[in-house]
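Q: Here is how the chains run, residue by residue.
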Amino acid sequence: MDRLLEERLFKVLMLSSLTMVVGSLFAVVAVVVLNGAPALTPSMLTQTPKGGYYLGKEGGILNAIIGSIYLAFGSVLLALLISIPAALSLQRDYIKKTKVAYSIRLSLDVLWGTPSIVYGAFGFTVMLYLGMRASLLGGIIVLTLLQIPIMIRAIDETVKLVPAELKETSYALGTTRFETTFKIVIIQVLPGIATAVLLAFGRSIGDAASILFTAGYTDNIPGSLLDPAASLPLAIFFQLGTPFPEVQQRAYASALVLLVIVLVVSVASRALGQRFSKHILR
Amino acid sequence: MLVAAAFAGSLAFIVILALYLRSKPILDTKPLSELLLNSSWLPSQGSFGLYPAILSTLYVTAIAMMIAVPLSILSAIYLAEYAKESLRRRVLPLVDLLAGIPPVVYGVWGVLTIVPFVAYIAPVVGSLGIPAAGAGRYSTGFSLLAGGIVLAIMVFPVIISITVQVFRSVPFEVREASLSMGATQWQTVKHALMRVALPGIAAAVILGFSRALGETMAVLMVVGNVFIVPSSVFDPAYPLPALIANNYGEMMSIPLYDSALLLAALILLLIILMFTLAARLILIRIERRVTVG
Amino acid sequence: MPHISIRNLKVSYGAHNVLKDITVDIPDGQITAIIGPSGCGKTTLLKSLNRLIELQEEVKVNGKVLIDGDNVYDPQADILSLRKKVGFLSQKPCPLPMSIYDNIAFGPRIHGVKGKQILEQIEELEKHCPNNEVCPANTRNTARTHKNGEMDLLVECYLRLAGLWDEVKDRLRMPASKLSVGQQQRLALARTLSVKPEVILADEPTSSLDPVSARLIEEQFQMLKQNYTIVLVTHTLRQARRIADHAIFLYLGEMIEQGPASKVLCAPCEAKTCAYISGEIS
Numbered sequence: 001m002d003r004l005l006e007e008r009l010f011k012v013l014m015l016s017s018l019t020m021v022v023g024s025l026f027a028v029v030a031v032v033v034l035n036g037a038p039a040l041t042p043s044m045l046t047q048t049p050k051g052g053y054y055l056g057k058e059g060g061i062l063n064a065i066i067g068s069i070y071l072a073f074g075s076v077l078l079a080l081l082i083s084i085p086a087a088l089s090l091q092r093d094y095i096k097k098t099k100v101a102y103s104i105r106l107s108l109d110v111l112w113g114t115p116s117i118v119y120g121a122f123g124f125t126v127m128l129y130l131g132m133r134a135s136l137l138g139g140i141i142v143l144t145l146l147q148i149p150i151m152i153r154a155i156d157e158t159v160k161l162v163p164a165e166l167k168e169t170s171y172a173l174g175t176t177r178f179e180t181t182f183k184i185v186i187i188q189v190l191p192g193i194a195t196a197v198l199l200a201f202g203r204s205i206g207d208a209a210s211i212l213f214t215a216g217y218t219d220n221i222p223g224s225l226l227d228p229a230a231s232l233p234l235a236i237f238f239q240l241g242t243p244f245p246e247v248q249q250r251a252y253a254s255a256l257v258l259l260v261i262v263l264v265v266s267v268a269s270r271a272l273g274q275r276f277s278k279h280i281l282r
Numbered sequence: 283m284l285v286a287a288a289f290a291g292s293l294a295f296i297v298i299l300a301l302y303l304r305s306k307p308i309l310d311t312k313p314l315s316e317l318l319l320n321s322s323w324l325p326s327q328g329s330f331g332l333y334p335a336i337l338s339t340l341y342v343t344a345i346a347m348m349i350a351v352p353l354s355i356l357s358a359i360y361l362a363e364y365a366k367e368s369l370r371r372r373v374l375p376l377v378d379l380l381a382g383i384p385p386v387v388y389g390v391w392g393v394l395t396i397v398p399f400v401a402y403i404a405p406v407v408g409s410l411g412i413p414a415a416g417a418g419r420y421s422t423g424f425s426l427l428a429g430g431i432v433l434a435i436m437v438f439p440v441i442i443s444i445t446v447q448v449f450r451s452v453p454f455e456v457r458e459a460s461l462s463m464g465a466t467q468w469q470t471v472k473h474a475l476m477r478v479a480l481p482g483i484a485a486a487v488i489l490g491f492s493r494a495l496g497e498t499m500a501v502l503m504v505v506g507n508v509f510i511v512p513s514s515v516f517d518p519a520y521p522l523p524a525l526i527a528n529n530y531g532e533m534m535s536i537p538l539y540d541s542a543l544l545l546a547a548l549i550l551l552l553i554i555l556m557f558t559l560a561a562r563l564i565l566i567r568i569e570r571r572v573t574v575g
Numbered sequence: 576m577p578h579i580s581i582r583n584l585k586v587s588y589g590a591h592n593v594l595k596d597i598t599v600d601i602p603d604g605q606i607t608a609i610i611g612p613s614g615c616g617k618t619t620l621l622k623s624l625n626r627l628i629e630l631q632e633e634v635k636v637n638g639k640v641l642i643d644g645d646n647v648y649d650p651q652a653d654i655l656s657l658r659k660k661v662g663f664l665s666q667k668p669c670p671l672p673m674s675i676y677d678n679i680a681f682g683p684r685i686h687g688v689k690g691k692q693i694l695e696q697i698e699e700l701e702k703h704c705p706n707n708e709v710c711p712a713n714t715r716n717t718a719r720t721h722k723n724g725e726m727d728l729l730v731e732c733y734l735r736l737a738g739l740w741d742e743v744k745d746r747l748r749m750p751a752s753k754l755s756v757g758q759q760q761r762l763a764l765a766r767t768l769s770v771k772p773e774v775i776l777a778d779e780p781t782s783s784l785d786p787v788s789a790r791l792i793e794e795q796f797q798m799l800k801q802n803y804t805i806v807l808v809t810h811t812l813r814q815a816r817r818i819a820d821h822a823i824f825l826y827l828g829e830m831i832e833q834g835p836a837s838k839v840l841c842a843p844c845e846a847k848t849c850a851y852i853s854g855e856i857s
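Protein chains in written order, with the numbering used here: chain G, 1 to 282; chain L, 283 to 575; chain R, 576 to 857.
Quick caveat, the hints were computed from the structure, so don't treat them as lab data.
In silico EDC-like cross-links for lysine to aspartate or glutamate, where the CA-CA straight-line distance does not exceed 20 angstroms:
id: 1; chain 1: R; residue 1: 689; chain 2: G; residue 2: 2
id: 2; chain 1: R; residue 1: 635; chain 2: L; residue 2: 367
id: 3; chain 1: L; residue 1: 472; chain 2: G; residue 2: 7
Chain G extracted, bound-state conformation (with noise of 0.2 angstroms):
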């Protein structure tokens, strides 16, 4: 019967390209583990680079790792302001035309695949405009656009999730809008925005070329908003596009030292999700 062989043909192709996707996630962490580890001292993750340090010579990659915490926690907070209420707003609550919202929804939706190298230019472009230098400051600014959209987006899905009961419950009690928005709804909401915290966290570490014109780079680490700041994705870039095979060491090292961030990030937020939800009302 030649369906039969069809169905065992397809099978055999599914579960060889399954394994071949999964393969590649544990190829990718295997090789740079592999690659990172030996070169990952402990002088590397305490120092800011020595002179000569990209020849090879003496230091570390604090002023990266500093620099990109600085970006992405400077990021997320700012993000977290506009986006909270943003996604609360979306509600029917406030905006009370659903096709309002639903372009709002969708116009994110489309940002939301806006490639980086589009806002770092963008971003470059207005800084120019402002006569701003490449700092941290500039480097936040744009890497909260990027998590605009991710943000407002992943809080929204949970704020839909907000039984209409419950709102029912609290506007037949006397309080107001905003009583309502930010007493009763916020606490239902709060594991999304945890969630949507972490994913924005994740995103904004890891990316390199929105910041590359507007963080610059540094060896120092940033003393105010207006110094330029380095990062950990243009730390692995610069040191792996040198010609010396020490410092690509390090390089690989300061990768490994991203993708830990990264994962841990990424393997928290998801645990975060499915401890929070318990006391969630649906």
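Chain G is already provided as a structure; the job is to place chains L and R on it using the hints.
A: Relative to chain G, chains L and R alone:
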């Protein structure tokens, strides 16, 4: 609150407008057709032909999709239709994890494994006389093919997770109806489920395509960055995002240079927005059908 | 006609035992009604007969279902020919996502029935239904001359058999989902019959239909029982009384009573059956 929503909603337009205003100077001095179809890129002599970069972008994306589409769709069908719930629960998070790995890390991985691999196979494949493979030329490995392979892996999670969702949204009864007549599982997928799932798969592929089109760092690191019209998959290339990333810093010194690069960004953005919009509209229709039906 | 014997059948979902040791024979060429309060395992028992139950997650089946002496749960058993032999009609009619025509042609196509075999199938069908004209002479003639004429004829015959032909003959290429729910269920019946089953399993086939469509389906069953063994899960006692020849009463996963419908439904022996019949438990 509403201000925040309005700002977020109009962000796309703000970005487009800003890029347009800044790319206007070059559009005023040169016809668009020359910018798009001319292949000489000599900014210092005022010649800005984006053609090789556009072609490189399309090639590298096409290679990525040729690898990613069949592998992702077959994997997704297995996960959605064949795998037990327990396997699905274990594999889908891994796929999500794959999506979260930063582009730079993919780039490092590409440099460590894919680039040497491509350099190794280039003379072997070239000697076989396949047209697109070049005539047994030496290749450094930094090439269209390396870019395509790295991109393909970055696109897997996009296509897989949407396709799995689309298949899971097909009512259970359709499977029951088909299987209860003695159809094999693959016949059920091919004849019954595929019809319902096809628009969703199309949307997944389009979103994957847009992702590949705009990806910068990972491609930049493995594609070679030589401004030529590539003639084989083992040739280096210079896609649009890489072009912008590598040159934007120095653009201030030459007139019109930044305008040309922002035009490249604008073109990239418009193409991607168009595709993403189409894909989103398809997915919204599917979602409605599920909630209504 | 095949003989179905169920021996010590136990079915559980995870830790939940749905069927506890069912042993029963299903009489050939009759309509057997499975009755009982909701959640007692009626549908599970029905779907166990052609192994559709295995589509559920974490289901475990123990015991035997013998059809013509062969255990369908034998690891060597051919599940595809089992399902071809034992057709299934679901509670909510589910048209396949294709045209009316293709819904009927689907079965023969997947089993690779072509050309002469189709004509043989039609002749066989006619022998079964002497007093019901399923294949008028004029269409038979066109079948010889037209391309794909055989399949056209087959589609027409089965649509006539299900009493749907006159309603849909002008719109065979229309998506089947555009039909009314009652028409969809008759289409589903025609589709089930098109693969030449010997047993028809029906899971509350009229519960989502209007009274007129429901009556049409019941009439079809009365006619079909001459040639098919029919097992029917029903939610209404009245329907069981109208059309069943044999009845099985299930309660909480156990078979309480079985026998001729007149006896089980009108003068049951067991106290629980009495209680159900009189409406005390539902």
